[in-house]
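S.K.: Each chain is listed here by its residues.
Number of protein chains: 2
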Amino acid sequence: MSPGRSEPSHSPYDPATSDPAISGDAPCLVDVWRGPFIEGGHRGHAVVVDADGRIVAHWGDPDLSVMPRSAIKSLQALALVESGAAGSFGLADAEIALALASHSGEVQHASRVAAWLDRIGLAVDDLECGAQAPMHRDSADALVRTGAPATPAHNNCSGKHAGFLTTAIHLGVDPKSYIGFDHPVQALVREHLHGMTDIDPASRPRGIDGCSIPAHALPLRNVALGLARLDAHSQDDQSAHGQACRRILAAWAAHPELIAGTGRFDTRLMTAAKGRALTKAGAEGVSCAVIPGRRLAVAVKIEDGAERAASVVMAAVLSALGAVDRDDPAIRSLVGPTITNWNGLSVGALAPHAAFADSLRGAFQ
Amino acid sequence: MSPGRSEPSHSPYDPATSDPAISGDAPCLVDVWRGPFIEGGHRGHAVVVDADGRIVAHWGDPDLSVMPRSAIKSLQALALVESGAAGSFGLADAEIALALASHSGEVQHASRVAAWLDRIGLAVDDLECGAQAPMHRDSADALVRTGAPATPAHNNCSGKHAGFLTTAIHLGVDPKSYIGFDHPVQALVREHLHGMTDIDPASRPRGIDGCSIPAHALPLRNVALGLARLDAHSQDDQSAHGQACRRILAAWAAHPELIAGTGRFDTRLMTAAKGRALTKAGAEGVSCAVIPGRRLAVAVKIEDGAERAASVVMAAVLSALGAVDRDDPAIRSLVGPTITNWNGLSVGALAPHAAFADSLRGAFQ
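Keeping their order, the protein sequence lines are chains A and B.
The working numbering puts the first residue of the first sequence at 381, with every later residue one more than the last.
The working numbering puts the first residue of the second sequence at 381, with every later residue one more than the last.
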């Protein structure tokens with residue numbers, strides 16, 4: 381059976397413009413072990429690209445169209461920083477980091493976003509991302525104990541949305557409906573995505589993201605290209621654009637705890653990497669990374685959308701690239717995370733699939 | 381890249397006895413749509429088997445070894461019912477249903493299990509499944525508000541474990557360590573699994589389940605065979621075994637709300653099916669069904685472990701079998717569940733993959 385392209389009843393699917401993010405030849409990248417048995421596996425695609433668009437390594441199809449979702453918040457944030465909005469409102473690195481984040485809704489995240497909105501004369505109710513209970517269990521429970529409902533400030537995308545609002549005010553446009561495709565803020569975001577990835581998002585299949593902004597489908601290698609350029613431009617470009625790239629990478633590196641949250645992959649990996657690798661998850665099994673100073677970026681899409689597998693693939697690729705220390709126990713626990721059960725017993729693990737692990741050994745020598 | 385069989389560092393993997401539950405030819409069964417774009421997909425295996433072991437239909441590899449996990453609680457419950465334990469303690473159908481359940485830890489579930497344990501002279505602390513916060517969000521929040529911690533009674537497997545304890549007492553053995561492979565209760569469970577599936581679980585790769593009992597790997601078709609026999613024996617067999625099969629199927633059919641919980645697939649499907657199909661999820665993308673009165677069963681394994689995809693496949697196969705009404709809006713919403721975002725917008729859907737949907741049309745005519 382091969383991927384078909386017919387139209388299910390719910391959807392205006394157009395095979396002429398839409399390349400599904402599934403492919404007959406997606407290799408198995410991650411095994412799911414339970415005791416001595418491989419209970420399942422995850423297939424996907426990964427690519428390492430340099431700032432000139434050259435493919436340094438790839439698994440699966442580097443040209444596959446994927447929706448990078450939240451994994452390219454760093455590119456979306458160019459609208460906030462390069463426009464001068466961040467500077468004119470005196471945003472701190474922590475606030476820029478929150479604009480790049482899919483945070484866990486902890487107090488350190490939600491309260492900073494609320495304070496930021498207050499400073500630009502707006503309120504949490506101006507966020508159009510929707511309310512979401514904190515992803516961080518203890519923070520969600522603490523909120524339940526107060527009796528207060530979750531708000532849009534707890535939404536994992538609230539920092540990005542605070543950035544959109546800040547940009548709108550700086551541009552002098554009505555911030556209302558800033559999530560819409562036709563709003564000037566989204567047009568500016570598309571302009572930056574186009575410039576960095578060489579692909580005009582407006583020409584590509586489009587959906588709506590979890591936080592209601594447009595979600596564009598881009599070839600996986602172009603997603604990585606955009607992120608590799610973020611690093612290259614931060615080194616080479618002395619214009620406002622280059623400064624914006626530097627500011628974004630610096631904020632990303634300075635605040636691993638704000639980009640995701642307690643216990644989560646991006647926070648744990650970046651804490652261990654100490655600035656040598658910057659990672660960012662996107663929904664439905666996407667993970668992206670910039671390798672600062674090396675003009676390289678990585679983009680991963682797990683076919684089935686599993687975050688647990690995208691994390692393993694990313695940790696394994698970054699280990700092979702030498703961007704993280706493969707012998708660091710913190711990194712090893714991300715490349716091969718243990719599965720524990722309700723009694724806290726180790727009952728299994730995720731691990732790079734044998735052929736993928738083998739291919740990584742020689743990939744970057 | 382094809383599935384490899386080498387041994388990662390963490391695991392005593394033995395390729396001579398272990399058949400990994402991943403396969404090069406797993407077909408795509410479910411698409412993940414976002415707007416007009418297929419954002420991802422789920423591959424897997426499914427088989428429909430009759431009580432004589434004949435394959436009525438299959439997708440992927442019907443001989444694939446899988447760990448059925450909680451999807452065969454109905455077969456494990458033969459130890460409780462056929463031994464006479466259920467009868468001697470006067471268990472109600474609701475309690476038998478809880479023994480088959482992976483429940484959501486709602487009050488209707490946890491309080492019934494606690495009362496059952498009390499009646500057999502034991503307590504929640506005698507459960508060896510580990511504590512788990514209720515899966516049902518509102519129930520978990522309600523518990524947080526009381527300030528009390530989650531207990532083993534909230535564990536989704538607490539009913540099965542209450543059944544194991546009841547069986548141990550009935551057999552006159554020490555219930556302590558009833559979760560162990562060597563305990564007489566687990567030996568009795570294996571005996572029933574062997575009889576129903578034609579496979580001795582002790583001869584197969586073995587892990588530890590989420591609730592700490594042994595998890596055995598069995599060929600997918602044999603899992604379905606065991607469940608088809610549950611139906612056939614309930615019709616043909618007047619012995620204690622046939623009576624036990626009848627009791628289990630009756631309890632399963634009578635209590636959709638206890639088998640899973642509010643809003644969950646098994647509860648929603650069985651409520652709509654009105655006894656014409658009995659379903660049960662297992663962890664890591666397993667779903668099984670019995671078609672009462674038709675000597676048929678279905679077993680599904682999604683390669684990547686996604687429950688959302690196993691549910692779609694099961695609903696689609698049961699629709700094609702005529703075991704549920706495909707025009708019932710409740711069923712349609714299970715075959716093609718909508719994806720909504722934080723603002724409650726419909727932004728996508730899961731749907732049977734085109735080639736899988738096509739193959740279902742003629743499969744059972």
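Everything labelled a hint here was simulated from the structure, so no lab data went into it.
Note that beta-carbon positions come from the ideal geometry of N, C-alpha and C, so glycine has one too.
Certain hints may be false.
Below, a sample of chain B positions facing chain A; criterion: calculated Cβ distance under 10 Å [said to hold, decoys possible]: (1) Phe-417; (2) Thr-642; (3) Asn-723; (4) Gly-728.
S.K.: Work down the list of hints and note, for each, if the structure agrees.
M.R.: These are the hints, each one checked on the structure:
Restraint check, Phe-417/B versus chain A: the minimum CB separation of about 4 Å is within 10 Å; hint holds. The criterion of a C-beta within 10 Å of any C-beta in chain A is not met by Thr-642/B, whose closest approach is roughly 17 Å, and the hint is violated. A hinted interface residue such as Asn-723/B counts as satisfied when its beta carbon comes closer than 10 Å to some beta carbon of chain A; here the least separation is about 4 Å, so the hint holds. At a threshold of 10 Å, the smallest CB-CB gap from Gly-728/B to chain A is about 7 Å, leaving the interface hint in force.
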